[in-house]
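Chemist: Assemble the whole structure, with the sequences as input and the hints as a guide.
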Amino acid sequence: AQSVAQPEDQVNVAEGNPLTVKCTYSVSGNPYLFWYVQYPNRGLQFLLKYITGDNLVKGSYGFEAEFNKSQTSFHLKKPSALVSDSALYFCAVRSQGTGGFKTIFGAGTRLFVKA
Amino acid sequence: DTGVSQDPRHKITKRGQNVTFRCDPISEHNRLYWYRQTLGQGPEFLTYFQNEAQLEKSRLLSDRFSAERPKGSFSTLEIQRTEQGDSAMYLCASSFSAPYNEQFFGPGTRLTVL
Numbered sequence: 001a002q003s004v005a006q007p008e009d010q011v012n013v014a015e016g017n018p019l020t021v022k023c024t025y026s027v028s029g030n031p032y033l034f035w036y037v038q039y040p041n042r043g044l045q046f047l048l049k050y051i052t053g054d055n056l057v058k059g060s061y062g063f064e065a066e067f068n069k070s071q072t073s074f075h076l077k078k079p080s081a082l083v084s085d086s087a088l089y090f091c092a093v094r095s096q097g098t099g100g101f102k103t104i105f106g107a108g109t110r111l112f113v114k115a
Numbered sequence: 001d002t003g004v005s006q007d008p009r010h011k012i013t014k015r016g017q018n019v020t021f022r023c024d025p026i027s028e029h030n031r032l033y034w035y036r037q038t039l040g041q042g043p044e045f046l047t048y049f050q051n052e053a054q055l056e057k058s059r060l061l062s063d064r065f066s067a068e069r070p071k072g073s074f075s076t077l078e079i080q081r082t083e084q085g086d087s088a089m090y091l092c093a094s095s096f097s098a099p100y101n102e103q104f105f106g107p108g109t110r111l112t113v114l
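So the sequences go chain by chain: P and U. For the first sequence, position 46 matches number 46 in the working numbering, and the numbering has no gaps at all. For the second sequence, position 39 matches number 39 in the working numbering, and the numbering has no gaps at all.
A few of these clues could be false.
As the list claims (entries may be wrong) - 25 Å max Cα-Cα, derived PhoX-like pairs, lysine-lysine: (1) U/Lys-71 x P/Lys-49; (2) P/Lys-49 x P/Lys-102; (3) P/Lys-102 x U/Lys-14; (4) U/Lys-57 x U/Lys-71; (5) P/Lys-69 x P/Lys-58; (6) P/Lys-114 x P/Lys-69.
Derived from the structure by calculation, the hints contain no laboratory data.
Modeler: So this is what it looks like as structure tokens:
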């Protein structure tokens with residue numbers, strides 16, 4: 001069965017510092033991995049995805065994520081956090097194999113960036 | 001096309017009543033998904049469509065839930081005989097066909113069952 005774990009309910013970071021939001025997954029076969037962000041009173045927005053190839057993926061708003069197959073992780077990173085990055089972040093996985101188009105989301109990590 | 005839209009944005013109903021939600025996806029997208037999200041949780045998959053065909057339905061979806069996409073464009077999600085446990089945000093998303101494509105989400109319909 002597919003699953004996603006976001007081990008931290010909340011991450012606090014000071015503005016200008018690097019941030020990391022953690023994600024680990026379990027899936028049959030190779031994964032497609034996604035990060036989405038949800039701002040208050042707004043729908044989920046796509047940030048970036050891993051399909052294949054280069055393990056470091058770059059996305060919107062300066063975010064990037066590193067795919068690590070041996071650790072089954074896909075951590076979201078940003079070199080320098082902004083207060084406006086404060087939001088709810090969701091990691092999601094879909095199997096490239098027999099999982100169809102069902103996408104499994106993690107429970108989310110709330111990021112607080114303090115000025 | 002400005003994105004995925006959902007109607008209504010909020011619905012308050014009494015236990016036992018039926019409710020219906022509508023989703024209008026991005027017009028070029030042929031896949032459409034429904035999710036449910038409760039406080040403190042990520043979106044939970046309910047069902048998805050390829051054009052008008054409903055291809056997968058979550059085992060969590062009871063017989064009281066039904067979804068349609070009659071012409072492969074907009075979709076409706078109906079909940080019959082609502083229960084207080086149905087209170088949640090119902091999200092709709094759409095995407096292009098390939099499985100590596102990201103989904104575009106609507107703003108959601110918040111259902112409160114009294």
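Chemist: Decide, hint by hint, whether the structure agrees.
Modeler: Going down the list of hints, with the structure as the test:
In summary, the hint linking U/Lys-71 to P/Lys-49 is not supported, as the alpha carbons are separated by about 30 Å, beyond the 25 Å threshold. In summary, the hint linking P/Lys-49 to P/Lys-102 is supported, as the alpha carbons are separated by about 16 Å, within the 25 Å threshold. Among the hinted pairs, P/Lys-102 with U/Lys-14 is inconsistent with the structure: their alpha-carbon atoms are about 31 Å apart, more than 25 Å. With a CA separation close to 19 Å, the supplied pair U/Lys-57 and U/Lys-71 stays within the 25 Å bound.
Restraint check: the Cα-Cα separation between P/Lys-69 and P/Lys-58 comes to about 17 Å, which is no more than 25 Å; the hinted pair holds. Between P/Lys-114 and P/Lys-69 the CA atoms are separated by roughly 32 Å; this puts the pair beyond 25 Å, and the hint is violated.
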